[in-house]
Every structure is written in structure tokens, then in C-alpha cells.
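Asker: Sequence:
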Amino acid sequence: MDEQALLGLNPNADADFRQRALAYFEQLKISQDAWQVCAEALAQSIYSDDHIKFFCFQVLEHQVKFKYSELTEVQQQLIRETLITWLQAQMLNPQPEKTFIRNKAAQVFALLFVTEYLTKWPKFFFDILSVVDLNPRGVDMYLRILMAVDAELVDRDVVHTSEEARRNTLLKDTMREQCIPSLVESWYQILQNYQYNNSELTCQCLEVVGAYVSWIDLSLIANERFINMLLGHMSVEVLREEACDCLFEIVNKGMDPIDKTKLVESLCQVLQSAGLFSIDQEDDVDFLARFSKLVNGMGQALIASWTKLIKNGDMKSAQDTLQAIEAKVALMLQLLIHEDDDISSNIIGFCYDYLHILKQLSALSDQQKANVEAIMLAVMKKLTYDEEYNFENEGEDEAMFVEYRKQLKLLLDRLAQVSPELLLASVRRVFNTTLQNWQTTRFMEVEVAIRLLYMLAEALPVSHGAHFSGDVTKATALQDMMRTLVTSGVSAYQHTSVTLEFFETVVRYEKFFAVEPQHIPTVLMAFLDHRGLRHTSPKVRSRTAYLFSRFVKSLNKQMNPFIEDVLNRIQDLMELSPPENGYQALLSSDDQLFIYETAGVLIVNSEYSAERKQVLMRNLLAPLMEKFKVLLEKLMMAQDEDRQMALADCLNHAVGFASRTSKAFSNKQTVKQCGCSEVYLDCLQTFLPALSCPLQKEVLRSGVRTFLHRMIICLEEEVLPFIPSASEHMLKDCEAKDLQEFIPLINQITAKFKTQVSPFLQQMFMPLLHAIFEVLLLPAEENDQSAALEKQMLRRSYFAFLQTVTGSGMSEVIANQGAENVERVLFTVIQGAVDYPDPIAQKTCFIILSKLVELWGGKDGPVGFADFVYKHIVPACFLAPLKQTFDLADAQTVLALSECAVTLKTIHLKRGPECIQYLQQEYLPSLQVSPEIIQEFCQALQQPDAKVFKNYLKVFFQRAKP
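Numbered continuously in the UniProt record's numbering, the sequence shown closes out at residue 962.
Be aware that one or more of the hints could be misleading.
When the alpha-carbon atoms are kept at most 25 angstroms apart in a straight line, the in silico BS3-like pairs for lysine-lysine are as follows [as the list claims (entries may be wrong)]:
hint, residue 1, residue 2
1, K474, K369
2, K663, K557
3, K668, K732
4, K308, K381
5, K752, K663
6, K557, K629
7, K668, K511
8, K871, K883
9, K359, K308
10, K737, K668
11, K406, K359
12, K359, K311
13, K557, K539
14, K634, K752
15, K98, K172
16, K668, K629
17, K409, K369
18, K381, K328
19, K474, K381
20, K120, K67
21, K668, K752
22, K381, K553
23, K539, K474
24, K910, K961
25, K697, K737
26, K629, K732
27, K381, K406
28, K905, K883
29, K381, K316
30, K557, K511
31, K883, K961
32, K954, K883
33, K947, K961
Since the hints were derived computationally from the structure, they do not count as laboratory data.
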């Protein structure tokens, strides 16, 4: 072995050595006999360095996994002997190997098992057992090998091919027949031998039993001697968590519903008599979390049995099972309400499924009603934040609590399905009690009271948020609570969680304000002052900006009396933050977008005259335009790169804000009707010069491009005079990404204005194509993945552009480019259809070809086009699908083939019998297609139903490919 290279295996080695070690590993993997050197090193314990031992196992692993079939019988025997020799040495070594080496060795054993058990090594487990006997180190390896075998055979996280899945099934079947009873016996012996003096091995063995129980005969484990031993472990502190998990796996095993009920019940009786149900006397939360998971498993197993029994019509057994379920509810509630969230979270599944049963029953008993109420109170209590929750710096614990709250919300929704009246009454009671004394109540209780009101909106579903009409009891209750919420003054509570919950709830129930509009000013003031947009917490300000825009949008009819007042109050929040003087704005630019949108909505939806709307909109946008001009001049003169970037960002924000205000317009309230065209045209004139700025091109162009997209929608043809010069600037020294983003803009214009922009398109068609071809022809490094991807995306954009032009009925744009250019364009489409293995682009190319054949393929088409059809388009329809890269099992490729079929159908439609004659006599014979198949192909092509030919074409190419 290359000792120098091996030095690099040490994690502390420097980069050069590590690089050399990696290269050496790759070299050994390819080498014919390097594995033998590694096998010898392991069998004879030549190296003491852990990393080298691990390395040797990695080389062996690679050999067994990828090159085993290349070895001779003798060499395969050598690998088996090496592993057994290494295993024997484990029991004699003064020190055990490191865990990571033992795990890697177990993986190699497992790989060899999968490869050889059915053929050359049927005594795999017996050989290992005869070596290890009950030696603790040997037993440790034996158990690790069993876990590695289980991972190979049944690990659900590994995606197996159908071939591997078949092999694994066969392996498990053979193991069940030949060795599982002996393995189970060995586990029993290990547990009995080590349960009191080696907790580590006992836990490992319990883990093995838990893993295997899912696919072996349950009676081997679920019997008196095993269960009694496991129950004994339940009272041994170091074993009980693992024993709990093992019992969980036993309970989880699929079986007959009556047997399952019996099994669970007998387990429960023993656990109960062992005192394990008295959980209030237990303070080990880790154990209780596992125990909760076990109780959850037992509860869900019983519920699954009940469901099956009901389905089978066995009402007597179903009733017995339901009683067994009910008997566990008290324990379930104790676990659900436990102060540790992990313990509570583990029982939610049982709780959820239990409520699902109650939902199906025609009437609930008093006890069941009491259970529902108890679950409801538990959920309300557990939704509450604890003192430790860090609102300013949320970490992993906080994220886990948020997830846990989502689980509780599902329970609440399920409670609402079982008893909506009870849920409403309970929430109302908690809400009213808390809000009467909110000033003296802890924040978490106030937050949860408002949170519950918020959650009712989803728990008691209605269409379109109509909570305040229909069912009178419900509407009155919600209306009362909302009135209390907005009049109690709780919005002034000094805690961010309460403040946010207040605003979230107000927006969730915006329909309330249509019923009682007198409360709108109160809520608006809360949004606008120190409670909302001017709160000390940036998190609250940010969320409020979004909620405020939603509130205003939803109440646009009721906002009229307050418009100018609101616009005045938000004016300072809309200032464009200049990158100088360290000025710290209250809102981030993302938050400001919502404020600009809100301002736009207020103006556009107001009942003012068009003149007044125009004045207000100009007041809103003029400061942005002024600032933009000043900042653009500063950018032109800025030397420092960081300053340039800051200025460009600021300019981009200005364009983004103007863009966002235009979202307020709709089909009913267009820019023209509101008299605002002139303001936006002024904006366009202000922003377009940024396109010719040589600095920070990418940022500036992207912003202006987005604004143009918006203006094409809002200003319609009024935007057209600006398009030519904007396009000219955007095509100057551009890269693949620029073009890729520019083409959708041209596509939008083409599709929207069609013939109106024909002259412009004809003029810029070749300059655009030259720019595209120039970028596509740039040499790129062979391994540059991102450059290759950019070119692929640009090619797609180019074909999408041609598709838009031809699809908008403007083929004259192409036709008028002169014969040479037309030919060049057509050849790029043929090339796109055939040469590039990109089914998305190929599909587009066939759509373009079909369209051109439809437009030009008749008798009066351009001179020479019919010739082009036969020489190039017809061959493309065969050459593309015949390529090895054209994968007919891929969905996108099948779509491309479908368009290829449309192209052939269109040629036949336009050229008639002449097309059939060409295929029969010239083209298909040139591909060595037999006369019978030619006949069959032409008949399919002449079928009136296009679908018949599409299906035929797929079969045709499947047969044609080797």
C-alpha cells in the first residue's frame, strides 16, 4: 500500500495529503487486485490506524457491491474467509474496534449476505453464530450485522429497483424457512444472558427484535417467555426505553383485528398491573415520551381493528374493541396534557383517530361527551406558550413548538367536526373571561384566547368567510367575540405575540367590519400607530405591513371616508431609503411594497373623480420619479463598487414600488378610466434611461423589464412607442441570462398586440436573433454545467419566441427577412427538433414546424418551401425519435413525439397524396423499412382521427429502436 497516501486518511491531515488519499482510493477501486491487499491487511491486523482499517473495509465494500461477479470462486471464498477471520480476531483483541469500523464491517457482511445467501453461503448466520457464541464483542458484531441486513432488506428510506425488491422478498422468504427460528432463539439467549450485566448489548438486541418483528412470524416473539422478559425490562431503568420501542413494534405488526385486540389487551393488563399506567409518579420524561408512543401505538392499533370489524359487519367484536379503546382514554388524556410537549405530541395520533370514531357514531354517551370536553381543554392548555419561548431569537426549540401547535390545530379542527357547538361555547368562555381582565393577565393566556378565536375560522368552515350570516347562534357568538376584541383595547397589550395575534384575527374576520363598520377607524389607528406599522419590533412592523394591505383590500368599499387621512399617515413610511447617511427606515423595501400597493388600492377603489385620482396618484409617484433621477445621476458618477450596488438597489426599489401600485387596477377600474395613464407614462420616461446605464446592468435591467411587463398589461397600446428604444438598449452587450429574460417581454408584446407590432418585430427580428446566436456560439468549457444550462434555457426561449410569432399569425415577420435569413431560421428549428436532446425544446420546434407547414405548405406557399418540407421537415420527424437520447419512457419526450405526429399529419393535410407517395416510394424505403410496415404507416397517417396516428407513431418508433 502507498503509505504516504494513507497518511491523508487522518482527518487532521492537510488538504494535499487528503487529496492524495482520495485519489489513491479511486485508484484502488479500479485496480484488479487491490482489494486482496486490503483483505490481507484486515485478516492479519497489519495496521493499527483506525482510518486505514476503515479505508480497507471501504475498498472491500466497493468490490462486493460493484465488482463481485468478476471474481473467481477462489477469490470469493477469500473474501468470506477474510471477514470470518477478522470477526474471530475481534474477540481476542485487547481493545474493541471503534464503533464506526464495526458499523462499516457490518455493512460489508450484509452486502455479502445479500449477494451469497441464496447461492454460496446458506449457512451465513450459523457460521457467524458458531464464531461469536456468547462472547460480548462477538455478540455486538452479530447484532450490528443483523441490523445492517435488515437495513438492506426492508429500509423504507432506500429506493429499491423492482429487481432488488424481488430479490429482497426471496431472501426474507428463505430466511423465514431456514434460519429465523434459530435467530430468534439466539436473541432470547442473548437477552437472558446479558439483561442484568450488559445493558448496551441488551438494548442492541431489543432494537434487533423490534426491527425484525415487522416481517417475521409474530408468534415467535409475541409469546409468554418473550413478553414476560420484555415486561421485566420495562422496570429496569437502562432497558425500559428500548423495551418500550420493541413492544411498540410488536403492537404495530399487521394482523387479524380480533387477534390484535387480544394482543393489545393482554399487554395492557400486564403493563397496568406492573404500575406503568400511573404516570404522575414518573419523572423520567425520556421514558415517558417512548411510553406515550407505545400507548399511541396500542390505541391506533385498536382503532384500526375497530374500523376493520365494522367493515366486516362483526358488530359484537367491534363493540368489545370500542370498549377497549374507551378504557385507554383516561391514560391518553393524562399523556396529552403532560407538560412535556414531546410526550403530548406522541399521543396526538391516537387522540385524533379516537375523535374520528366519535364523529362516526350516531349519538355520544355522557362519558364520550366528557372525553371530548377534556380533549378540548387539554388542547387549549397545550396551545399556550411557555415562559422560555424566545420571541426575539427563535431557534430549534421554538420551531418544534410551532410544529407541535400545528398538530394541536388538527385536533381542534377534528373536535369541531365532532361537536361544533361545544367548541364554540368553550372558546367563547375562555375568550370572554380572559379579555375582561387582559390588563392583569399573563401574555401567553391573552395570546391563546385570541388565537382560539382565530382558529375557529378554519375549524368552523364557511364559504367565502361568511361567518357573520347563516347560523344565528354561531354568527352571534363570533360577532360578540370580535366586538370584544376590537373594543377591549387589547391591541395595546405590550407583547409582540398578542399584538400579532390581534392583527391576524382582525384580518381573518374582515367580514365582521361589513356588519359593524363603526369599528373600522379604531382598527385603522391600531394598524397605523405604535401598535402596528410603527411598533418597536421589526417583526411586528413587517407582518403588519402585509396584513394592512390585506385589510384595506378586503374592505375597499368601506374605506372611502378614511382614504386621504390614511394616505397622509403612511406618507413617511413610503420614503425611498437612500443608501447614504445610515438612515434606518422603519420598513424594509419588501414591506414598503405592501404599503405602496395599499396606497394604490385606496386611490383606485375610491369614489373620487378621475381628476382627483390622477392628482393622488401623481402625489404618490412623483417623489419616486424625482428621487430616481437624482440617484441615477449619482450612480453614473459613483466609483466605488459597493456604493454602485447600493444605489442600483435603491433605483430598483423605486421602479418596484411604482410597479406595485399598478396592481390595484383591474378590468373594471383600468388605468385609463382612472385618468392615470399620463402618470405611468411619465414613470416609463423616467425609468427607461436606466437601461443605457453601463453600471450594474443586471439589477437595473431586471427592474425596468418587470415594470415594462406591468405597463404592457396596464397601459396597453400606449406603451408601444417606448418598446423599440427599450429593446435596443436591452439588446446591447447582453448575456445569455439577459436575453432569456428579455424574450418573454417580446413574447408578451407579440401575443397581446399581434399585427400592431408587426413592423417593429420585422425590424428587430434579425438583431435579436444575431444577439441570441452570438451568445449560443460562444465557446464554453467542457465541464461548465451552469453555462451549458444557460445555453439550454436560452435555446428554449428562442424557440418559444418563434412559436409566439408563428402562433400569433405573423409568419410574415419571418418571411420578410430575406431568403438567406429565412433559411437560416428554418435550419435552426430543424436542428432544435433533431440534434439537441432537450424534449421541451423539441416539442416547441415541432409546434413551429406544424404551424409553418399549415401557413406555407399549400400550393400557394413561398417558393421552395414544399421542397424544404420533403428534404428537411419530413426527415426531422423520423431522425429525432430514432435518436438514442429520445427516451419514449419520459413524459416530456412523449409530448414532443405527439407534436411530431401533428407535424406529419399537417404535411399530409396540406400536400395530400403527393406526401403519401413520397413516403412510400422514396423516404421510408431509404430507411430500409419493409414494404408491409410502409403500407401500415401510410394507412395510419391517413386515418381521420389524429389520436390513432399518435398512438401508432409511438409503437412504430418503439419497434424501430434496438
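Asker: Against this structure, judge whether each hint is valid.
Answerer: Results of checking the hints against the structure:
1. K474 to K369: Holds, at roughly 20 angstroms.
2. K663 to K557: 17 angstroms, holds
3. K668 to K732: Cα-Cα ~39 angstroms, so violated.
4. K308 to K381: Since the Cα atoms of K308 and K381 sit roughly 34 angstroms apart, the hinted pair is violated (cutoff 25 angstroms).
5. K752 to K663: 19 angstroms, holds
6. K557 to K629: At roughly 36 angstroms apart (the allowed maximum being 25 angstroms), K629 and K557 break the hint.
7. K668 to K511: Given pair K668, K511 holds - Cα atoms ~22 angstroms apart, limit 25 angstroms.
8. K871 to K883: It holds: about 18 angstroms lies between the C-alpha atoms, which stays within 25 angstroms.
9. K359 to K308: The given pair, whose Cα atoms are some 17 angstroms apart, holds under the 25 angstroms limit.
10. K737 to K668: This hinted pair is violated, its Cα atoms lying about 36 angstroms apart.
11. K406 to K359: The given pair, whose Cα atoms are some 21 angstroms apart, holds under the 25 angstroms limit.
12. K359 to K311: 16 angstroms, holds
13. K557 to K539: 29 angstroms, violated
14. K634 to K752: With a Cα-Cα distance of about 37 angstroms, the restraint between K634 and K752 is violated, given a limit of 25 angstroms.
15. K98 to K172: Answer violated: K98 to K172 is near 30 angstroms, above 25 angstroms.
16. K668 to K629: Cα-Cα ~33 angstroms, so violated.
17. K409 to K369: 20 angstroms, holds
18. K381 to K328: With a Cα-Cα distance of about 21 angstroms, the restraint between K381 and K328 holds, given a limit of 25 angstroms.
19. K474 to K381: 23 angstroms, holds
20. K120 to K67: 17 angstroms, holds
21. K668 to K752: Given pair K668, K752 holds - Cα atoms ~19 angstroms apart, limit 25 angstroms.
22. K381 to K553: Since the Cα atoms of K381 and K553 sit roughly 35 angstroms apart, the hinted pair is violated (cutoff 25 angstroms).
23. K539 to K474: 33 angstroms, violated
24. K910 to K961: 29 angstroms, violated
25. K697 to K737: 12 angstroms, holds
26. K629 to K732: Measuring from Cα to Cα gives roughly 22 angstroms; hence the hint holds.
27. K381 to K406: With a Cα-Cα distance of about 14 angstroms, the restraint between K381 and K406 holds, given a limit of 25 angstroms.
28. K905 to K883: Distance of about 21 angstroms is within 25 angstroms: holds.
29. K381 to K316: 37 angstroms, violated
30. K557 to K511: Given pair K557, K511 holds - Cα atoms ~12 angstroms apart, limit 25 angstroms.
31. K883 to K961: Roughly 9 angstroms separates the two Cα atoms, so the pair holds.
32. K954 to K883: Roughly 14 angstroms separates the two Cα atoms, so the pair holds.
33. K947 to K961: Cα-Cα ~22 angstroms, so holds.
The structure is inconsistent with the numbered hints 3, 4, 6, 10, 13, 14, 15, 16, 22, 23, 24, 29, although it conforms to all the rest.
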